[in-house]
Structures are given as structure tokens and as C-alpha cells.
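Undergrad: Sequence:
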Amino acid sequence: MNLGQAYADRGDIRKAIEYYEQALAIACKIGDRRGEGAALGNLGNANVYLGDNRKAIDYYEQQLKITQEIGDRRSEGNALWNMSQALDQLGDRAQAIECARTALKIREDIEDPRTEKVRRKLQEWESQQHKQ
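Sequential numbering from 8 applies to the sequence shown in the working numbering.
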């Protein structure tokens, strides 16, 4: 996973994806559900970077399912927040808002320091939607 992140930080997203896929395979093989969720989230992020939001959403949905199963609220909030942004990029503002609302609630519940970022973006989206 760290090698994937290092390549992503350097901008070599395709190489990062190779390492994230390897991390996912290892996590699945050893039954590391948290690691599996993290790898799926990173694969989602990498695909957003490549402009493939639909594929990213597929990864985020898989990540979300795992995080809910294992009770990892922080990662659940991350998956929902990342999914909301990908949905918005695809023009599905209504669904993006729903995901962002749920992400905001989770971040508030766990007192995540990034809560305000989600709150501001959600308010912006809702304001734009009301103007339409």
C-alpha cells in the first residue's frame, strides 16, 4: 500500500494502481478486511485522478460495504465523502448530496477534524441546487 501511495504522490498513477491491486489481493488472501477497504479506497482515488469516476464509485461502494461490516466509521465517512465528489463530477448532484450528508453526520459523530470541509461543500451544493 505504501509503495502505491509513493507512486501516487509522484504522479505515476498507473504504477500506484498496480501496487494497490497487489495490496488488495494480499489483504483478501490473509483476511485483512481493514486493509482490503483501504486498498479499495485508494483504487477509487486513483481512478478519480485518471478521470474514471464510474470505476472509482464502484471501488468506493465496495469499500463502503466493508467499512460498514467491520464498523470502521472513519473509513466509512471517507468512502461516502469520496463517492459524493465522484458522483458530483458525473452530474448526479442529488446523490452526491445524500452521500455527503451521511459523511458529514459520521464525521460529526466521530469528531473528525475534516468535518468543516464537508460541511462547507455540502452547503455550497445545496445552495446551488436550490437556485436551480
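None of these hints come from the bench; they were simulated from the model.
Take the hints with a grain of salt, since some may be wrong.
[Stated by the list, open to error] Listed below are the simulated PhoX-like cross-link pairs for lysine-lysine, each with C-alpha atoms no more than 25 Å apart in a straight line:
| # | residue 1 | residue 2 |
| --- | --- | --- |
| 1 | Lys72 | Lys138 |
| 2 | Lys112 | Lys72 |
| 3 | Lys62 | Lys22 |
| 4 | Lys124 | Lys138 |
| 5 | Lys72 | Lys62 |
| 6 | Lys36 | Lys62 |
| 7 | Lys124 | Lys112 |
| 8 | Lys138 | Lys128 |
[As the list claims (entries may be wrong)] Label pairs and their in silico Cβ distance ranges:
| # | residue 1 | residue 2 | range |
| --- | --- | --- | --- |
| 9 | Arg127 | Ala101 | 35 to 45 Å |
| 10 | Glu133 | Ile33 | 16 to 26 Å |
| 11 | Arg21 | Lys138 | 21 to 31 Å |
| 12 | Ser134 | Arg40 | 18 to 28 Å |
| 13 | Gln96 | Arg121 | 17 to 27 Å |
| 14 | Asn9 | Gln135 | 33 to 43 Å |
| 15 | Lys36 | Asn9 | 28 to 38 Å |
| 16 | Arg126 | Cys35 | 30 to 40 Å |
| 17 | Lys22 | Arg108 | 32 to 42 Å |
| 18 | Gly38 | Leu10 | 20 to 30 Å |
Cβ atoms here follow ideal geometry from the backbone N, Cα and C, with glycine treated the same way.
Undergrad: Which hint numbers doesn't this structure obey?
TA: 1, 9, 10, 11, 12 and 15
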